[in-house]
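Number of protein chains: 2
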Amino acid sequence: MHPEKPVANKLFMNSKFGFEVLHEDTGTNARRGILHTPHGDIPTPVFMPVGTAGAVKAMPGQVLESLDARIILANTYHLFLRPGHERIEKLGGLHRFMSWDGAILTDSGGYQVFSHRELCRISEEGVEFRSHIDGSKNFISPEKAIDIQNSLGSDIAMVFDDCTPYPSGYTDAESSMELSMRWARRCFEHWKRTDDGSRGLFGIVQGSVYPDLRKRSATMLADMGFSGTAIGGLSVGEPKDVMGEIVECTVPLLPRDRPRYLMGVGTPEDLIRSVAMGVDMFDCVLPTRNARNGCLFTSRGKILIKNAAYAEDPDPLDPDCSCQTCRNFSRAYLRHLFLAGEYLSAFYNTVHNLTFYLDMMRKIREAIELGNFGNWLEQMKKEDRK
Amino acid sequence: MHPEKPVANKLFMNSKFGFEVLHEDTGTNARRGILHTPHGDIPTPVFMPVGTAGAVKAMPGQVLESLDARIILANTYHLFLRPGHERIEKLGGLHRFMSWDGAILTDSGGYQVFSHRELCRISEEGVEFRSHIDGSKNFISPEKAIDIQNSLGSDIAMVFDDCTPYPSGYTDAESSMELSMRWARRCFEHWKRTDDGSRGLFGIVQGSVYPDLRKRSATMLADMGFSGTAIGGLSVGEPKDVMGEIVECTVPLLPRDRPRYLMGVGTPEDLIRSVAMGVDMFDCVLPTRNARNGCLFTSRGKILIKNAAYAEDPDPLDPDCSCQTCRNFSRAYLRHLFLAGEYLSAFYNTVHNLTFYLDMMRKIREAIELGNFGNWLEQMKKEDRK
Numbered sequence: 016m017h018p019e020k021p022v023a024n025k026l027f028m029n030s031k032f033g034f035e036v037l038h039e040d041t042g043t044n045a046r047r048g049i050l051h052t053p054h055g056d057i058p059t060p061v062f063m064p065v066g067t068a069g070a071v072k073a074m075p076g077q078v079l080e081s082l083d084a085r086i087i088l089a090n091t092y093h094l095f096l097r098p099g100h101e102r103i104e105k106l107g108g109l110h111r112f113m114s115w116d117g118a119i120l121t122d123s124g125g126y127q128v129f130s131h132r133e134l135c136r137i138s139e140e141g142v143e144f145r146s147h148i149d150g151s152k153n154f155i156s157p158e159k160a161i162d163i164q165n166s167l168g169s170d171i172a173m174v175f176d177d178c179t180p181y182p183s184g185y186t187d188a189e190s191s192m193e194l195s196m197r198w199a200r201r202c203f204e205h206w207k208r209t210d211d212g213s214r215g216l217f218g219i220v221q222g223s224v225y226p227d228l229r230k231r232s233a234t235m236l237a238d239m240g241f242s243g244t245a246i247g248g249l250s251v252g253e254p255k256d257v258m259g260e261i262v263e264c265t266v267p268l269l270p271r272d273r274p275r276y277l278m279g280v281g282t283p284e285d286l287i288r289s290v291a292m293g294v295d296m297f298d299c300v301l302p303t304r305n306a307r308n309g310c311l312f313t314s315r316g317k318i319l320i321k322n323a324a325y326a327e328d329p330d331p332l333d334p335d336c337s338c339q340t341c342r343n344f345s346r347a348y349l350r351h352l353f354l355a356g357e358y359l360s361a362f363y364n365t366v367h368n369l370t371f372y373l374d375m376m377r378k379i380r381e382a383i384e385l386g387n388f389g390n391w392l393e394q395m396k397k398e399d400r401k
Numbered sequence: 016m017h018p019e020k021p022v023a024n025k026l027f028m029n030s031k032f033g034f035e036v037l038h039e040d041t042g043t044n045a046r047r048g049i050l051h052t053p054h055g056d057i058p059t060p061v062f063m064p065v066g067t068a069g070a071v072k073a074m075p076g077q078v079l080e081s082l083d084a085r086i087i088l089a090n091t092y093h094l095f096l097r098p099g100h101e102r103i104e105k106l107g108g109l110h111r112f113m114s115w116d117g118a119i120l121t122d123s124g125g126y127q128v129f130s131h132r133e134l135c136r137i138s139e140e141g142v143e144f145r146s147h148i149d150g151s152k153n154f155i156s157p158e159k160a161i162d163i164q165n166s167l168g169s170d171i172a173m174v175f176d177d178c179t180p181y182p183s184g185y186t187d188a189e190s191s192m193e194l195s196m197r198w199a200r201r202c203f204e205h206w207k208r209t210d211d212g213s214r215g216l217f218g219i220v221q222g223s224v225y226p227d228l229r230k231r232s233a234t235m236l237a238d239m240g241f242s243g244t245a246i247g248g249l250s251v252g253e254p255k256d257v258m259g260e261i262v263e264c265t266v267p268l269l270p271r272d273r274p275r276y277l278m279g280v281g282t283p284e285d286l287i288r289s290v291a292m293g294v295d296m297f298d299c300v301l302p303t304r305n306a307r308n309g310c311l312f313t314s315r316g317k318i319l320i321k322n323a324a325y326a327e328d329p330d331p332l333d334p335d336c337s338c339q340t341c342r343n344f345s346r347a348y349l350r351h352l353f354l355a356g357e358y359l360s361a362f363y364n365t366v367h368n369l370t371f372y373l374d375m376m377r378k379i380r381e382a383i384e385l386g387n388f389g390n391w392l393e394q395m396k397k398e399d400r401k
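Each protein sequence line maps, in turn, to chains A and B.
The first sequence lines up with residues 16 to 401 when you count with our numbering.
The second sequence lines up with residues 16 to 401 when you count with our numbering.
Next up, chain A with everything else stripped away, as it sits in the complex (with noise of 0.2 angstroms):
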């Protein structure tokens, strides 16, 4: 089940961009670590709140500070679109144009571009799309996608891929996932050309439900040389079970001295279960679309603040929480805010999911450090079964 395990306090660093595996869980694959970047340390297992648009919606970045927050993810696609990423290198950069100290990994834009794949026009050299904001033509290479995220100068890059539909046939998976190699190649390459040792580039594992094709696709990427590697095109309609089959699969494969990070993903038991596979980076817009959308992360549970339950419930939405959504306001409250589409809702229930996410991945390091997570696993395994 678990190959030999490698010495812990293995270190990978360049000059200012680096990652440490300090502890490994004896049951499980999970491990405890350090992401070392220029904007900071960061513990691992780690979550990274998505600020789409340079700004993780409904939170301001004190607050997120507040909940320790570390690194947060921001879209290349849509920077690029609005306000442009030459603008925002006028204006300092990313960090200084959000006014963020921690570190910000910038996805290549090539997951967004795809998803409005009747509109795009893919070659070789790149992909060509229109925007969703005023229907102009763009153009983005592999180069261009490392040039832009330059730009905005986050600590990690990623690379630019064909991010492959689901379902897609094998040929047609095959063939993206080949595509996304070379790219994957121009990118770095590209990068290396620029490179200071001070950020990092991620490759991205593709190859859609077909172990084969991730384990190539896998060991491509590791033979290249990247500061960690993605696996990419999961959580975009595949059944749970493939899910975890493909991490399953895949993560052995990775190098295990780099960060292991799953794009997209996904829901707490997503997270702790891709934990146990070795997963040490997540992002996802589950708990601040969530929250939006008045679907709250509970320790008991799922809650949808406007039912009706809730009208007269004096108290807070999770008990457990310390969070300053639950130590000041009643379900009541919250549900009255949502109903009156009061912006506040919004903002406290982001609060509120944010810390329930962070304080989980928070639990998942010390269960790692403590030598217990396999307990943890197996009681969240009793509570699913319920």
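By construction, these hints were calculated from the structure, which means they are not laboratory data.
Hints are not guaranteed to be accurate.
Stated by the list, open to error - Result set (PhoX-like, lysine-lysine): computed pairs, CA atoms no more than 25 angstroms apart in a straight line:
id, chain 1, residue 1, chain 2, residue 2
1, B, K105, B, K159
2, A, K397, A, K317
3, A, K207, A, K31
4, B, K321, A, K105
5, B, K105, A, K321
6, B, K397, B, K255
7, A, K152, B, K31
8, A, K31, A, K159
9, A, K317, A, K255
10, A, K321, B, K152
11, A, K31, A, K152
12, A, K255, A, K31
Take the given structure of chain A and dock chain B to it, following the hints.
Structure of chain B alone, referenced to chain A:
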């Protein structure tokens, strides 16, 4: 011009509610005072941010507190319809419901009820109206308006009045004012029955743009013995100079030992001019609503943040402002958030505009204390003529 000055430090005080005039300006009718409430002392002149539905829009209570806001306004009409005053009472009252430890003034609902006059049926007894939320039929009488405000538990309640529409002919304005005065007496009598001296009830002067009606109304209210007096029915479309004339002729007739409150007003210039006429309290949606619409008040005039001129502007909104928005963000970033429709646009803009208003009131209070408020007023008039 300025009638004889009463002794400063004059104190009107019930067991927990009262008002104290600390200092009167010599060149104008401005006064510096303290409003004593069960939820703290409030230095006057004061601006009250509007928290319509039990929440100042886009403004977390903690941030409001950090701006040293000591009193907010909540709308009885909105809270009566949703979530309902009885529900709020059951949950411990409005302060607890919205987790606000500062003072709360509730309007009586009159203004909102009558804002859709065609949907109302007015009788001597009260007003029947349809909910803007679900179309349900409702009835509010002067007594019920007091009961609702008692349920909410506000520190200052307002009488239920017939807010005379603008424009109105003399006869209509007269009978509307007289109805308001009869209702004011019923409110006062009803309130007296349950009052323990801990909370305030303010009368509201009506009479449209007719000085003699205003004077009659003011005199009638003064005779009843309210804890404070409001001037209502202004800022409803009448020309600015008419508003000024009405305030100027009304204020001298209001009890000098009680707070004077100009309802729903207004621009920074309106506030400064009205303070000079002897007004102590204000509320207005202008700073919060304008913030959400991207219109920002600064020491150098208004800024419409969507303007292309700010696209690459690295400066803060107002170099003289020390709010968290101005300390952290450029105009370029705030423009980006506004155009991208981000929640944070409303939040950061509201922080700034409320800071601008509350700072201005602080400066006004200081100027009155230092005896140079008149100079400041002159300075402002000069800038207006530029």
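**Asked** Hint by hint, which ones does this structure get wrong, listed from lowest number up?
**Response** 7, 11 and 12
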